[in-house]
Amino acid sequence: MKLARDTWLVFQRQVLLMVRTPVWLVVGVVQPLFYLLLFAPLLKQVLGAGSYEEAYRIYVPGLLAVLVIFGGLFTGFSLLGELRAGIIERSRVTPVSRLALLLGRALREVLALMVQAVIITLLALPFGLSVAPLDLLLAYLLMALLALMTSAISYGIALLVRSDAALAPVVNTVAQPIALLSGVLLPLALAPQWLRSIAEWNPFYWAVEGMRALFAGQVGDSSVWQSLLIVSVLTVVAVWWSARLFAERVR
Amino acid sequence: MIETTGLRKSYQSRKGRQATTVDAVAGLDLSVAAGEIYGFLGPNGAGKTTTLRMLATLIRPDGGEATVAGADLRQDPAGVRRRIGYVAQGGGTTDTVSGREELVHQARLHGIGKAEAGQRAERAITAFELGEFADRPCQTYSGGQRRRVDIALGVIHSPGVLFLDEPTVGLDPASRAQVWQEIRRLRGEGMTVFVTTHYLDEADALCDRIGIIDHGGIVAEGTPEELKQEISGDVLLVGLTDGDSVEKAAGALRGEPALHRLETPEDGGLRLYVRDGASAIPQLLRTLDGAGVAPATIQLQRPSLDDVFLARTGRSLA
Chain F
3 MKLARDTWLV FQRQVLLMVR TPVWLVVGVV QPLFYLLLFA PLLKQVLGAG SYEEAYRIYV
63 PGLLAVLVIF GGLFTGFSLL GELRAGIIER SRVTPVSRLA LLLGRALREV LALMVQAVII
123 TLLALPFGLS VAPLDLLLAY LLMALLALMT SAISYGIALL VRSDAALAPV VNTVAQPIAL
183 LSGVLLPLAL APQWLRSIAE WNPFYWAVEG MRALFAGQVG DSSVWQSLLI VSVLTVVAVW
243 WSARLFAERV R
Chain S
241 MIETTGLRKS YQSRKGRQAT TVDAVAGLDL SVAAGEIYGF LGPNGAGKTT TLRMLATLIR
301 PDGGEATVAG ADLRQDPAGV RRRIGYVAQG GGTTDTVSGR EELVHQARLH GIGKAEAGQR
361 AERAITAFEL GEFADRPCQT YSGGQRRRVD IALGVIHSPG VLFLDEPTVG LDPASRAQVW
421 QEIRRLRGEG MTVFVTTHYL DEADALCDRI GIIDHGGIVA EGTPEELKQE ISGDVLLVGL
481 TDGDSVEKAA GALRGEPALH RLETPEDGGL RLYVRDGASA IPQLLRTLDG AGVAPATIQL
541 QRPSLDDVFL ARTGRSLA
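Going down the list, the sequences are from chains F and S.
The first sequence begins at 3 in our numbering and counts up one residue at a time.
The second sequence begins at 241 in our numbering and counts up one residue at a time.
Derived from the structure by calculation, the hints contain no laboratory data.
Every residue, glycine too, gets a C-beta built ideally from N, C-alpha and C.
Take these hints with a grain of salt, some might be off.
Said to hold, decoys possible - Rough simulated footprint, nothing fancy, chain S against chain F, three-plus residues with beta-carbon under 8 Å:
#1 77-89
#2 122-130
#3 195-201
Unchecked claim - Cβ-to-Cβ under 10 Å is the rule here; a few derived chain F residues that face chain S:
#4 LYS4
#5 ARG7
#6 ASP8
#7 LEU11
#8 VAL12
#9 ARG22
#10 THR23
#11 ARG92
Input sequences plus hints: build the corresponding full structure.
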């Protein structure tokens, strides 16, 4: 109860701050939009897709996955900023739950990324994307979990390296193979067998597969429940890890 | 309100491959009574902030015991947090929100309900006279305004003990006086205030009792008056002409019955501690004259807290 109340309190405050400086929304939407306009048409040829609709159905889930994975992984910067400004220290000398301080912030990031995801989905509709509302909601749930997981991972890395200058290269190094091995840009069905075998160890690969199945209207596909299960478990682990680091390392 | 025995904290510092342990706080015994302003005076790096952060539950002590506002620091840090307020040296307001929003949010973090938090913010704005700017974003505040908001944030939940880390660093004299006034007002309301400072005049003017800290330990404790009386009598500052060496003058004066203590500060001259300055001057002058030393200047001073610090540590704080 207290955790829920405290998390809600921290979350509300964070959302207020976010609304006050809405630049993030423009930046967050414009970049995926470029991919949608300038990269997706290319795909139609490469994939041998029969129509734009088919190309977008494969491409948009991948684009959304990239958005939440990268968006989440870079949120550690805001935590470092708040640590430096003494804002977190002030909260720590109150009885507020330590986990709530972290969770409220991570959930703000989830909300921000989901707003961007909805906008991108809407923008893709005129290009021919079509998806059933219930499947889409399930896909959003999967993405929200992904965003929470990557935000928690980013907080953990930020607490380990404790410097802006170190965080960027570390996150990039972590994110790049994850993105390549999840088939977010092109489906890994096009990849040679050995590459696919490696990718199967990448949880984000399963997440992207699940997203694609949902956008293709195959809600019963085994990749859907598998991805939800894998991502749920990993989200719990990531939150637990970063919360423990937060309790230990914030001085 | 605050009792510590043998409080310790050390840090590992690395120089290349060699790790050395630095004792930031080495066995600290403190006792702060309810309703007093206790000043923690010492040079930078003496262990003031480390002590404060330990007492405010931000860092865990390596050893020793402490009770803060009736709660055990090690067994019940959550209990301590409920009963104390803490204002860091750098503050910690968010630029884009207003002082009022900060006050409400801080009250809510302490578990206070929404309506009550709003009322408390309103009362704080009146008490700290923040009305003029409370609804503007914090980034527009002057240093003094920001500091008053910081302190208001620290006491929004009416704690029994307030910790302030160097509350007047970087403030102009007028803002400084205003901060002192706020701190005295809080004491008037029954709050115990624990304040670190490296300003002698601040410790002297503001604090009811002072603990002087150096190298992680208390070297003297008492009211400013008690501490200064400890340096019984007066201080004579003797300036020498270029030709005379400090050693020669000091050698001549040693053994003088009127002289309690003799220091040779780094900036030259002699610092003599005597019972009664006015009557000691003629005799000391004669002695110096006998040794062939002719002082350029002699100044009579009442001892300051710096003299206490100098007497205890052999160094000057100012």
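A quick look at each hint next to the structure:
1. 77-89: Result for this restraint: holds, n = 3.
2. 122-130: violated (count 0)
3. 195-201: violated (count 0)
4. LYS4: Result: holds, 8 Å to nearest chain S Cβ.
5. ARG7: holds (8 Å)
6. ASP8: holds (8 Å)
7. LEU11: holds (5 Å)
8. VAL12: Since the shortest Cβ distance to chain S is 8 Å, the answer is holds.
9. ARG22: holds (5 Å)
10. THR23: Hint holds; F/THR23 Cβ to chain S Cβ min 6 Å, cut 10 Å.
11. ARG92: holds (4 Å)
Of the numbered hints listed earlier, those contradicted by the structure are 2, 3.
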